[in-house]
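The listed protein sequences derive, respectively, from chains A and B.
Mapping of the first sequence onto my numbering: residues 30 to 369, in sequence order.
Mapping of the second sequence onto my numbering: residues 30 to 369, in sequence order.
Keep in mind that the hints were calculated from the coordinates and are not lab data.
Careful, some of the hints might be misleading.
No copy labels: a pair is met if it fits in one copy or bridges any two.
Said to hold, decoys possible - Listed next, the in silico EDC-like pairs over lysine to aspartate or glutamate satisfying Cα-Cα at most 16 Å (straight line):
#  : residue 1 : residue 2
1  : LYS258    : ASP225
2  : LYS32     : ASP252
3  : LYS79     : GLU274
4  : LYS40     : GLU328
5  : LYS79     : GLU353
6  : LYS333    : GLU303
7  : LYS333    : ASP106
8  : LYS254    : GLU329
9  : LYS79     : ASP278
10 : LYS32     : ASP278
11 : LYS32     : GLU72
There are 2 protein chains.
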Amino acid sequence: MNKHLGDRSVKFEQPVWIIGKGSVAGQEEARGPLRECFDLIAEDGLLGEKTFEKAEKRLFAMAVQRALEGAGCSPGDMDFLVGEDLLNQIISASYNARDLSIPYFGIYGACSSMAESLTLGAMMVDGGFAGKVLCATSSHFATAERQFRFPLELGTPQTPTAQNTVTGAGATILSATPAYGSRCYLSGATVGTVVDMGITDANNMGAAMAGAALETIGTHLEDFKRTPKDYDAIVTGDLGTFGTELLLDMAKRCGIDIERVHRDCGVMIFEGVEGKKCGGSGCGCGGSVLNGYFLRSLEEGKMKRILFVATGALLSTTSVQQGESIPGVAHGVVIERREA
Amino acid sequence: MNKHLGDRSVKFEQPVWIIGKGSVAGQEEARGPLRECFDLIAEDGLLGEKTFEKAEKRLFAMAVQRALEGAGCSPGDMDFLVGEDLLNQIISASYNARDLSIPYFGIYGACSSMAESLTLGAMMVDGGFAGKVLCATSSHFATAERQFRFPLELGTPQTPTAQNTVTGAGATILSATPAYGSRCYLSGATVGTVVDMGITDANNMGAAMAGAALETIGTHLEDFKRTPKDYDAIVTGDLGTFGTELLLDMAKRCGIDIERVHRDCGVMIFEGVEGKKCGGSGCGCGGSVLNGYFLRSLEEGKMKRILFVATGALLSTTSVQQGESIPGVAHGVVIERREA
């Protein structure tokens, strides 16, 4: 059977069950309205480590640990780990892969990773190549600022469009068979192309990603022959307030009215928090809000079907200095609730 | 059917056909014994571009173009692109994904990428999610030295264990159905875990990867219930001369005698070339030698079955400065020849 649907979408023949989930957020993120949704809060940015990079590695480990506990599994029960983070050479994911000793696929799609890993993981499960796959991602405000912009120690002021990289992590365990009480499953995915809006400002990631988000959402609805009404929420990862405005405006011009169902993890996580007007970003943003808020809402029956579109800005400090623009990519996965 | 075999291996139900291949090498690489094997030689390191990063992007594009031509395909015929390179945020792959407009999975496994992308691509094809998948990777001596060690302009002398990052690229097109004259296909894969040998010297990548290579080869033979004699070649990506010595020594101690069938792309590419005693490394090393030499040997009937184990050292300049060691990862794919 060919499960390839349309030009860019796939549907899964069997439900790919979500049997475990973990979400971790930092202190700043816990000041927002989602505090109660996260499994764990890291009250200190260093988490007792000597460097922020080592702290981020711990965030990743905490989310994974929580997901494994929830699924009643040990690392040895996982067939594969699909992991990513924002740091060069994805060190948070790779050092965790070493410690967990799970066969490992490292991926890189910037902040689109939570959806990229779920898409690949679901293909492995539905394709019969794995029984259980662990998908995880993380980001940290201090490590990302240092790598992509300025070290925090410099005290550089933020520009008006700059989002805050979320200190957080998310982990999801996919399985061919449901666990006791499993309600959520993946039913399909739409894989993104790299879309370039010509943005060259490293502090305007929302704009760099909005075009990719729109392309993936539009293609998804077309491939699956659905309308926004078929979803309780169409969730973008981290467009932030400015990127969200852009997305909704462009979508309207294209005749796709998603305003009523659209939610953005980057907007949600810092809603009403002082000094975070533009919202959050980073792999840990979509990762923690998906696992902390949306999967919970599906489990509790508040939602029945969502499209989770994690959005990534492929920012490189080297290529930007060489006059290249910052393209974006967005991957979408359909997550549904099955009644008992 | 569960195609998951053993703890870390998968077998493909149907042959995953290789219908196109492209290999590009630089001037230094063309001084070696494999010159005639490569499809294209880039005589100038800048390839007419203003920066080495832009030149590497061109290498990637050239390999892809050649593979597409060989398969008689256009980019639009590809369902997915699985791409990687060594640069931060995998910019060579990502900018090519933008230009090609193929739905894109970015991955990162350092120099293990050619095998990681083939494994993922073959799962997509055999799982029924794609008809055709393009897998590609690249590296460039000047961009890698600048990013991981010192810019060439400094004229820093090499240490005795330092390998030369290969300027080159490789691309392979996988397909559910054979093209006219197709001979080679993927039949299985073994996914690597991250193995840490405790190496902290950024100029000793071979040692950092040898343990991962051994673990993957050993697991592979166990999972598939085969011996080294079942292969015409067990090929590692880029251990170089020193890493190869280590691998063969460790393998012997473990009772796995691969000496007679073992080949290393990093050793082969610079064999006899002055000043390149430790051999080559980089994604482009395994990528160009697999597509230029080994797939050709299989097509011509000189070999019938190989195990291609691309090896990656997960080197991060940040984590090494923070006292972390450099772990390795290796993924293996089985490529076979079918008689007409």
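Status of each hint after checking the structure:
Within a single copy, LYS258 and ASP225 get their C-alpha atoms no closer than 28 Å, and across copies no closer than 50 Å, so neither meets the 16 Å cut-off. Only within a single protomer do LYS32 and ASP252 lie at most 16 Å apart by alpha-carbon distance; the minimum there is 12 Å, versus 28 Å between protomers. Within a single copy, LYS79 and GLU274 get their C-alpha atoms no closer than 39 Å, and across copies no closer than 37 Å, so neither meets the 16 Å cut-off. For a Cα distance limit of 16 Å, the shortest separation of LYS40 from GLU328 qualifies neither inside one copy, at 21 Å, nor across copies, at 35 Å.
For the identical chains of this complex, LYS79 and GLU353 are inter-copy neighbours only, at 12 Å across copies versus 35 Å inside a copy, given an alpha-carbon limit of 16 Å. In this assembly of identical chains, the alpha carbons of LYS333 and GLU303 never lie at most 16 Å apart, being 33 Å within a copy and 65 Å across copies at closest. When the C-alpha separation of LYS333 and ASP106 is checked against a cutoff of 16 Å, the pair qualifies neither within a copy, at 29 Å, nor between copies, at 35 Å. In this assembly of identical chains, LYS254 and GLU329 lie within 16 Å of each other by CA distance neither inside one copy nor across copies; the values are 27 Å within and 47 Å between.
In this assembly of identical chains, the alpha carbons of LYS79 and ASP278 never lie at most 16 Å apart, being 44 Å within a copy and 38 Å across copies at closest. Taking CA atoms no more than 16 Å apart as the test, LYS32 paired with ASP278 passes in neither setting, with 33 Å inside one copy and 46 Å between copies. In this assembly of identical chains, LYS32 and GLU72 lie within 16 Å of each other by CA distance neither inside one copy nor across copies; the values are 44 Å within and 44 Å between.
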